[in-house]
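Asker: Let the hints inform the model, and build the full structure from the sequences given.
Quick note, the sequences are listed as chains A and X, same order.
Under my numbering, the first residue of the first sequence carries the number 293, and numbering increases by one thereafter.
Under my numbering, the first residue of the second sequence carries the number 293, and numbering increases by one thereafter.
Incorrect hints may have been included.
Copies of the same chain look alike in the list, so a pair counts if it fits in one copy or across any two.
[Claimed, not checked] With a straight-line Cα cutoff of 25 Å, these simulated PhoX-like cross-link-like pairs (lysine-lysine) come out:
#1 Lys453 <-> Lys468
#2 Lys453 <-> Lys334
#3 Lys314 <-> Lys468
#4 Lys453 <-> Lys314
#5 Lys334 <-> Lys371
#6 Lys334 <-> Lys314
#7 Lys371 <-> Lys326
#8 Lys298 <-> Lys371
#9 Lys334 <-> Lys468
#10 Lys298 <-> Lys453
#11 Lys371 <-> Lys314
#12 Lys428 <-> Lys298
Hints were generated in silico from the structure; no laboratory data involved.
Source: prediction; values computed, not measured.
Protein chains: 2
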Amino acid sequence: MDLHLKESRVTGELVYDGHFLKVQRDTVRLPDGKNTTREYIKHPGAVVILPLFDDGTVLLERQFRYPLDQVFIEFPAGKIDPNEDPLVCAKRELQEETGYSGTDWTFLCTIHNAIAYSNEHLDIYLARGLTAGDSKLDDGEFLETFRASVAEVMTWVREGKITDVKTVIAAFWLEKIVTGQWTP
Amino acid sequence: MDLHLKESRVTGELVYDGHFLKVQRDTVRLPDGKNTTREYIKHPGAVVILPLFDDGTVLLERQFRYPLDQVFIEFPAGKIDPNEDPLVCAKRELQEETGYSGTDWTFLCTIHNAIAYSNEHLDIYLARGLTAGDSKLDDGEFLETFRASVAEVMTWVREGKITDVKTVIAAFWLEKIVTGQWTP
Chain A
293 MDLHLKESRV TGELVYDGHF LKVQRDTVRL PDGKNTTREY IKHPGAVVIL
343 PLFDDGTVLL ERQFRYPLDQ VFIEFPAGKI DPNEDPLVCA KRELQEETGY
393 SGTDWTFLCT IHNAIAYSNE HLDIYLARGL TAGDSKLDDG EFLETFRASV
443 AEVMTWVREG KITDVKTVIA AFWLEKIVTG QWTP
Chain X
293 MDLHLKESRV TGELVYDGHF LKVQRDTVRL PDGKNTTREY IKHPGAVVIL
343 PLFDDGTVLL ERQFRYPLDQ VFIEFPAGKI DPNEDPLVCA KRELQEETGY
393 SGTDWTFLCT IHNAIAYSNE HLDIYLARGL TAGDSKLDDG EFLETFRASV
443 AEVMTWVREG KITDVKTVIA AFWLEKIVTG QWTP
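Answerer: As structure tokens, then:
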């Protein structure tokens, strides 16, 4: 199925192998039989954690993102290590970035954030039963955490104060869950 | 403000200048005074169009995305040409990809889809007053269009059938608008 849309790999190579980014360039066969070039980032995948406290607030981060030269409000997230289980990664990243550990973890959804030029996917988890502890930020990682209500987060989405896609999507899911419309 | 989070450029260069992807690698000064490397995609920005018919259905596309080797359900979207106004781009992309033109355009929000490694932003527009016409797909572009109700789209988001971030976020906005919760 979908042969009228599908593209097939002919040849390809890793054309940029950087410290963080890896760029693959493939020659592909189009549905009409012609060839073209596709370039994309090879990404290991990532996780996003939605830490929900019993009082209905969530834990967020403020982090400077160099490509856009600004501080973003984000839910905790991180890249999956080689052969790491996504849920193990989510628990690790929450603890490393915020110090919190959770007893109750629920998978919400997978999202794809740059389908034209990256194979990245992000698995979003809801974390409850939270207990504070010590954070262990990576070398060169700087962020601060804060708590906000669901109503505040949704206002910031509507007003454009939250624009990071993983955080926007997690916020909409959060509202669906706390209002009882969606049961994860 | 935010000097305890901010990173500053020291030097940098374009390390990969491909057909589609451009990778910038900068040496940056961290908040603690140390230097590190940041690599990111230089992207011109893009637009997303949410085409809403008077009967409450929306226009969607099915398109094969090579980096993930699968067909995605998406709202129409496209890259902004050099010096192009985003709204002009949105009108152009809707007509090129689907043939439709709209008389009533409303800006909804800007989103950032890969803040760790791309400076891409996407401006999302609601398009109403739609009239069918002829599409003019780019060379090497293959897609099909279909219509669905808001309820169907939201079910596909919840079930994980729609995972493309621009489409997920536009769907949540759509529901907010048609239920009267948010007035754009």
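Asker: Confirm or reject each hint.
Answerer: So, going through the hints one by one against the coordinates:
no.: 1; hint: Lys453 <-> Lys468; in the structure: both (20 Å within a copy, 17 Å between copies)
no.: 2; hint: Lys453 <-> Lys334; in the structure: between (30 Å within a copy, 23 Å between copies)
no.: 3; hint: Lys314 <-> Lys468; in the structure: neither (36 Å within a copy, 38 Å between copies)
no.: 4; hint: Lys453 <-> Lys314; in the structure: neither (31 Å within a copy, 28 Å between copies)
no.: 5; hint: Lys334 <-> Lys371; in the structure: both (12 Å within a copy, 21 Å between copies)
no.: 6; hint: Lys334 <-> Lys314; in the structure: both (5 Å within a copy, 14 Å between copies)
no.: 7; hint: Lys371 <-> Lys326; in the structure: between (36 Å within a copy, 23 Å between copies)
no.: 8; hint: Lys298 <-> Lys371; in the structure: between (29 Å within a copy, 21 Å between copies)
no.: 9; hint: Lys334 <-> Lys468; in the structure: neither (32 Å within a copy, 35 Å between copies)
no.: 10; hint: Lys298 <-> Lys453; in the structure: between (38 Å within a copy, 18 Å between copies)
no.: 11; hint: Lys371 <-> Lys314; in the structure: both (14 Å within a copy, 22 Å between copies)
no.: 12; hint: Lys428 <-> Lys298; in the structure: between (44 Å within a copy, 19 Å between copies)
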